[in-house]
Amino acid sequence: MQSPVEIIPHSSGVVGVSWLMIVLPLLGAAILLLSGRRTDRWGHFLGVAMVLASFVVAVASFVELLGLPEDQRRMGVALYQFIPGMADMGLLIDPLSISFALLITGVGSLIHIYSIGYMSHDPDRRRFFAYLNLFVAAMLLLVLADNYVALFIGWEGVGLASYLLIGFWQHKPSAAAAAKKAFIVNRVGDFGLLIAIFTIWTTFGSVAFAKVFPLAGEASNGTMTAVGLLLLLGACGKSAQLPLQSWLLDAMEGPTPVSALIHAATMVTAGVYLIVRSGAFFEVAPTAQLVVTIVGVATLLAGAIIGSAKDDIKKGLAGSTMSQIGYMMLAAGIGPAGYAFAIAHLITHGFFKANLFLGAGSVMHGMNDEVDMRRYGGLFPVMRITAITFIIGYLAIIGFPLLSGYFTKDGIIETAMEHNQILGWLAVLGAGLTGFYMSRMVFMTFFGKKRWADDAHPHESPAVMTVPLILLSIGSIFLGAFLILGNRFMKFLAPAVGLPEELPVFHFGSTAGLATLALVAVGAVFAWFRYGAADVPEVAPRGSFLTTFARRDLYGDALNETLLMRPGQWLTRFAVFFDNRGVDGLVNGLAATIGGTSGRLRRIQTGYVRSYALSILFGAAVVVGALLYVGNM
Amino acid sequence: MNGTTIQAPTIEYALLSPMLLVFGAAIIGVLVEAFAPRYLRKSIHVPLTLLALVGAFVTTILTALNGLPTVAAAMGAVAVDGPSLFIWGVILILAFICTLLINDDDQFVAQAAAVPGSVDEEEAVRHGYAQTEVYPLMLFSVGGMLLFAASNDLLVMFVALEVMSLPLYLLCGLARRRRLLSQEASVKYFLLGAFSSAFFLYGMALVYGYAGSVDLKTISTAISSVSGQEPLLLIGTAMLGVGLLFKIGAAPFQAWKPDVYQGAPTAVTALMASTVLVAAFGAVLRVFWVALGGYEWNWQPLMWGVAILTMIVGAILAITQTDIKRMLAYSSIAHGGFLLTGVIAIGTIKQDQQALSAILFYLAAYGFTTVGAFAVVTMVRDAGGEAGHLSRWAGLGKRSPVLAGIFAFFLLAFAGIPLTSGFFAKYAVFAAAISGGALPLVIVGAVSSAIAAFFYVRVIVLMFFSEPAADGPTIAAPTVGTSAVVALAAAATVVLGVFPQPVLDLADQAASALFIR
Chain A
1 MQSPVEIIPH
11 SSGVVGVSWL
21 MIVLPLLGAA
31 ILLLSGRRTD
41 RWGHFLGVAM
51 VLASFVVAVA
61 SFVELLGLPE
71 DQRRMGVALY
81 QFIPGMADMG
91 LLIDPLSISF
101 ALLITGVGSL
111 IHIYSIGYMS
121 HDPDRRRFFA
131 YLNLFVAAML
141 LLVLADNYVA
151 LFIGWEGVGL
161 ASYLLIGFWQ
171 HKPSAAAAAK
181 KAFIVNRVGD
191 FGLLIAIFTI
201 WTTFGSVAFA
211 KVFPLAGEAS
221 NGTMTAVGLL
231 LLLGACGKSA
241 QLPLQSWLLD
251 AMEGPTPVSA
261 LIHAATMVTA
271 GVYLIVRSGA
281 FFEVAPTAQL
291 VVTIVGVATL
301 LAGAIIGSAK
311 DDIKKGLAGS
321 TMSQIGYMML
331 AAGIGPAGYA
341 FAIAHLITHG
351 FFKANLFLGA
361 GSVMHGMNDE
371 VDMRRYGGLF
381 PVMRITAITF
391 IIGYLAIIGF
401 PLLSGYFTKD
411 GIIETAMEHN
421 QILGWLAVLG
431 AGLTGFYMSR
441 MVFMTFFGKK
451 RWADDAHPHE
461 SPAVMTVPLI
471 LLSIGSIFLG
481 AFLILGNRFM
491 KFLAPAVGLP
501 EELPVFHFGS
511 TAGLATLALV
521 AVGAVFAWFR
531 YGAADVPEVA
541 PRGSFLTTFA
551 RRDLYGDALN
561 ETLLMRPGQW
571 LTRFAVFFDN
581 RGVDGLVNGL
591 AATIGGTSGR
601 LRRIQTGYVR
611 SYALSILFGA
621 AVVVGALLYV
631 GNM
Chain B
1001 MNGTTIQAPT
1011 IEYALLSPML
1021 LVFGAAIIGV
1031 LVEAFAPRYL
1041 RKSIHVPLTL
1051 LALVGAFVTT
1061 ILTALNGLPT
1071 VAAAMGAVAV
1081 DGPSLFIWGV
1091 ILILAFICTL
1101 LINDDDQFVA
1111 QAAAVPGSVD
1121 EEEAVRHGYA
1131 QTEVYPLMLF
1141 SVGGMLLFAA
1151 SNDLLVMFVA
1161 LEVMSLPLYL
1171 LCGLARRRRL
1181 LSQEASVKYF
1191 LLGAFSSAFF
1201 LYGMALVYGY
1211 AGSVDLKTIS
1221 TAISSVSGQE
1231 PLLLIGTAML
1241 GVGLLFKIGA
1251 APFQAWKPDV
1261 YQGAPTAVTA
1271 LMASTVLVAA
1281 FGAVLRVFWV
1291 ALGGYEWNWQ
1301 PLMWGVAILT
1311 MIVGAILAIT
1321 QTDIKRMLAY
1331 SSIAHGGFLL
1341 TGVIAIGTIK
1351 QDQQALSAIL
1361 FYLAAYGFTT
1371 VGAFAVVTMV
1381 RDAGGEAGHL
1391 SRWAGLGKRS
1401 PVLAGIFAFF
1411 LLAFAGIPLT
1421 SGFFAKYAVF
1431 AAAISGGALP
1441 LVIVGAVSSA
1451 IAAFFYVRVI
1461 VLMFFSEPAA
1471 DGPTIAAPTV
1481 GTSAVVALAA
1491 AATVVLGVFP
1501 QPVLDLADQA
1511 ASALFIR
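If you read the sequences in order, they're chains A and B.
Numbering of the first sequence is given in the numbering used here, commencing with residue 1 and proceeding in unit increments.
Numbering of the second sequence is given in the numbering used here, commencing with residue 1001 and proceeding in unit increments.
What the hints contain is simulated information worked out from the structure, not anything from laboratory work.
Mixed in with the good hints, there may be bad ones.
[Said to hold, decoys possible] Here are the computed lysine-lysine pairs in the DSBU-like style, where the Cα-Cα straight-line distance is at most 35 Å:
#	chain 1	residue 1	chain 2	residue 2
1	B	K1398	A	K172
2	A	K491	A	K211
3	B	K1398	A	K180
4	B	K1350	B	K1217
5	A	K172	A	K491
6	B	K1350	A	K211
7	A	K449	A	K172
Input sequences plus hints: build the corresponding full structure.
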């Protein structure tokens, strides 16, 4: 394998001011949050402008990066030194981070613009944009940071933004609960990441990527495996992988643009970023890599199964997001051969999943915020742009030949197949399930009989919402071919993550590829018979054991409740008891002792100068006595 | 020295120019008091004082840039070396800021000689008199501080001590409101100061008896050569220590600090809490490191005890204070204790450099923060002048969020929270103390920091999380000078906390050659 190139310090050009990418949206958030109602009228434009400006900086940095020879395409931008060597803060602009920056600011801009329309009736639109800006800033810090501590700050920042946005309609108890759930489940992962960072610090004495990665081979295998698994735990929390997947479905309580931006296109892929970025650690810890691939495959199947049973269009898409990130995890766990496919799929997924979510939002916008697909049907004629763009996204995600998802997902499946036959075939099975549940979604929404509620008057959304849809769908069509053919993206990423020993060649007719296509076709046809050709009941039938299993999110919540929540509550009760009786007693006693001493000592301070003089004399006597004693010892 | 002709002493005027400028301006100030009409005096004094301080600062910088001399100036009496110049720079900047505070305040008495509450006083107030001697007095005191920190000779040091202290005794008694309290503070400070000076003087005499000289260099060589007179040196060291420890307010010589800090006009308190502490630590280092450096095994245990006692007494007694200025006084005592842990860290050259650099940085950081905190105190007023009682500060955050926020920030810096200057200051001295082998001391330091954090945070809680009193104090419309003081102090506290490297480097540089002898 060809290893990544060294980081070259850089302070001039656009890259020298690349911190503007983070600062601009952060400034937007600060202005919007601090200015209060005064900026209600134009606040959303400010929010959009900040993200667009950030996008411009990202593109300019990207262009500058491309202008460099390949062995110099890792630029370190030093920003701040706290205690020298202890907590240096800087940015790392390399092909990996800039790919993310472009995705975040590019798709982020489109979603910001879309939100102007989507949130136009919400009295708190300004606050919404402030949080969105905050999210973009934190996410950019996460991917651009050149060390784990700054990455962690961004990591927590996106967690906060996600919490605030899921609970944006906090008057709904379900939204508040979902926000809390997302936060708490993420905490579990965050602790994993934190302990991983601690371990990295104690092992290598640094947290900077440039310092720790070259040393990865020198640490013991056990340490690296532990670091790898802990990083994976962090990644599982943020990216909703098993066993920390349960929050993502509830997170759909947030406004739809949030689901598109944070819970589909960008934030949830942070785990994949973390694993690819930490590739140097995983490559010396094969056990951790194996666990990553297993988690990936398990989640891709679980997500697909859940997605097949949901009637709520957004939850269906959320299951699908889980599943697609599972693919990325699978690829990321394979090593250098998979990194490029993982990130490529991440980017194309960013486009088509944002496309699908925003499409779903457009449908909801026209249907009085109805999310139940059993009350849709036959919407194609009334919202053609939404429908066509949605269908493009749909074709891209199921891997319809020559569309984005076809290239990137097929790349993952082929690589997995070469790596391990079992994983490969399970990934193929997942693709078949994708074909089924996505077709089901399209048929239930746009085709078949109208099952609308009585007061529903579906209509096409305004241009401010449909134009982003069109732009995203263009990405959904062409991006995959552009990235994968000729290994373009793999070569581009090489300075950051290295190259596999032999470059893969894309076959249009490989066994795995054909098998995938066949299974997808079967899934789609099956969906057509059940949901296209047949009538869909307005109330969900009881369904089989498997359906219930999937509807209940594979009993994830029940499992969490019995295994974690109940014992957790007991533990809390015990801790509170211990805290009240034991710790507080000790602390209060100590405080009382100190306070009492203070009160007593205070009486020495009589205010009489004669007693002060006496105390000085006394002190002097003690000082002289002590010195004589020590001196004569 | 067996010649019969008396040689005129050589004086390096260029090296001493910062001091000479300050003293010169002070003398001109006295002349202004004598000859200028009353209504003109203040408008002459203020520019004169500021100019003198700026001039002295500039000459200090120029001296530093010209490269440091390797022998002491003025026939070995004054050591102009790296630490001196750093301390001079800090004292001069702090004095400049304090001048702005003094200038912008009507906190000085109209006529100090008038009996409080008398007809004379009313008369003086009605005529709008002001005691403008404050400015030359302050300059004299500052000049004394510069000399105090740089004296290489016990006799010069004693003179400097008195030049520094005498004007301060007067300044303490000049508060416009609560004059009796102020005069009481002045008398207390004077009596106890005189008392402690006597100790210093006696110690000097004993050391002279041992070494046959008051020159620090000669004393240090005598320690390694003279034998048999041990008790003289031991008692002398103890007595010198008492005199100096009194000035920094170390326990058990701290009793004057709260009373004096409370009674003095707040601007003077700011001056004392910042510059005097800086100068006094300069002198402590000179006596204990330069003269008695080879004698460390004997005085270190004593200093251990003093440092521990100082930190604990400062932190514990601050808890039950109800007056903001008294609380800050105890906080200053505790900080003196933290600084002493650095003084103890003497050892190898490398340890000395680290400890010296840490102490210098600490002095600069603490000086700015403390001036800022007292400047805020001058702005919180009610009918009777400054609202000193802590209960009056309840809910200040609601009424004046910016000011309360800045004050809270200063308090956090005192507590040593990261991203404030106080964090690095503490970190540096504690690190130096650990590498000097004083780990137990650092543990005590950390514990008393924790105790101290309680009363700092308590004030923050009081300001932001309590309901404001109905007749609570108002915030005096800040004048340009006072706002400038608060802004400068806050800026210094932020910058030293976020980008400490330049000043740390400067302190390292100043400490690199240690002291000249």
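Hint check:
Note on B:K1398 and A:K172: the hinted pairing holds, with a Cα-Cα distance of about 32 Å set against a maximum of 35 Å. Straight-line distance between C-alpha atoms of A:K491 and A:K211 comes to about 24 Å, which keeps the hinted pair within the 35 Å bound. Of the supplied pair hints, the one linking B:K1398 and A:K180 holds, its CA atoms being roughly 30 Å apart against a limit of 35 Å. A threshold of 35 Å between alpha carbons decides the hint, and for B:K1350 with B:K1217 the separation of about 21 Å falls inside it, so the pair holds.
Straight-line distance between C-alpha atoms of A:K172 and A:K491 comes to about 48 Å, which puts the hinted pair past the 35 Å bound. As the CA atoms of B:K1350 and A:K211 are separated by approximately 28 Å, the hinted pair is consistent with the 35 Å bound. Between A:K449 and A:K172, the direct Cα distance comes to roughly 32 Å. Compliance with the 35 Å bound is thereby established for this hinted pair.
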